[in-house]
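A.B. asks: The residues making up each chain are set out below.
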Amino acid sequence: DSGVTQTPKHLITATGQRVTLRCSPRSGDLSVYWYQQSLDQGLQFLIQYYNGEERAKGNILERFSAQQFPDLHSELNLSSLELGDSALYFCASSVDRGPYGYTFGSGTRLTVV
Amino acid sequence: GDSVTQMEGPVTLSEEAFLTINCTYTATGYPSLFWYVQYPGEGLQLLLKATKADDKGSNKGFEATYRKETTSFHLEKGSVQVSDSAVYFCALSDMDSNYQLIWGAGTKLIIKP
Numbered sequence: 001d002s003g004v005t006q007t008p009k010h011l012i013t014a015t016g017q018r019v020t021l022r023c024s025p026r027s028g029d030l031s032v033y034w035y036q037q038s039l040d041q042g043l044q045f046l047i048q049y050y051n052g053e054e055r056a057k058g059n060i061l062e063r064f065s066a067q068q069f070p071d072l073h074s075e076l077n078l079s080s081l082e083l084g085d086s087a088l089y090f091c092a093s094s095v096d097r098g099p100y101g102y103t104f105g106s107g108t109r110l111t112v113v
Numbered sequence: 001g002d003s004v005t006q007m008e009g010p011v012t013l014s015e016e017a018f019l020t021i022n023c024t025y026t027a028t029g030y031p032s033l034f035w036y037v038q039y040p041g042e043g044l045q046l047l048l049k050a051t052k053a054d055d056k057g058s059n060k061g062f063e064a065t066y067r068k069e070t071t072s073f074h075l076e077k078g079s080v081q082v083s084d085s086a087v088y089f090c091a092l093s094d095m096d097s098n099y100q101l102i103w104g105a106g107t108k109l110i111i112k113p
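Chains as they are written, first to last, in our numbering: chain A, 1 to 113; chain B, 1 to 113.
Just so you know, nobody snuck in bad clues.
DSBU-like mimics (lysine-lysine), calculated; alpha carbons at most 35 Å apart, straight line:
#, chain 1, residue 1, chain 2, residue 2
1, B, K60, A, K9
2, B, K112, A, K9
3, A, K57, B, K108
4, A, K57, B, K52
Just so you know, the hints here were simulated from the structure itself, not pulled from any lab data.
Please put together the full structure from these sequences, using the hints given.
C.D. replies: What follows is the structure in structure tokens.
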């Protein structure tokens with residue numbers, strides 16, 4: 001157990017639908033990062049939140065949004081889903097800026113049918 | 001901007017063979033360097049890291065030395081096991097990246113018994 005909790009582990013939904021992925025960071029970590037990993041293995045950075053505020057944005061589609069709540073958990077909302085959105089979605093957390101690296105959750109596997 | 005280049009996979013080896021996965025980086029500052037491992041069906045785990053030149057990170061029999069002169073952080077293991085089969089990611093972070101991890105594309109390692 002890495003200390004980063006992601007739910008659900010698996011999600012199957014239809015095209016056009018909307019889903020919410022949830023992440024609880026490791027205790028004491030203030031930053032949350034969201035990544036998408038497709039079948040070709042590469043990690044695509046989506047967005048980062050720090051202590052409730054958006055800090056950095058990657059290649060996140062307009063159909064996707066995220067937020068971090070006062071208790072530091074984060075949610076990634078994916079709407080108007082397309083087949084191509086099928087992927088693994090990872091959440092990671094870190095303390096703050098610095099050479100600490102990230103702690104990853106085990107991911108949510110999203111399948112859009 | 002900062003970037004990380006890893007050798008392309010898959011890398012296929014026999015059990016007990018010597019492993020090297022090459023990683024080179026481009027950075028204007030003094031980055032910290034990381035190796036993460038992703039076992040099948042799991043999230044990424046920090047394998048080892050080094051925060052300054054000539055540092056050697058080590059864990060689970062894996063080693064990597066931060067070589068500033070060659071801007072490299074190659075991952076090595078003297079005798080691999082089937083259980084080492086995974087995808088390995090090299091990454092860096094520094095002030096220029098706002099301490100976000102900049103990722104290599106990942107190298108899939110397959111160990112045959």
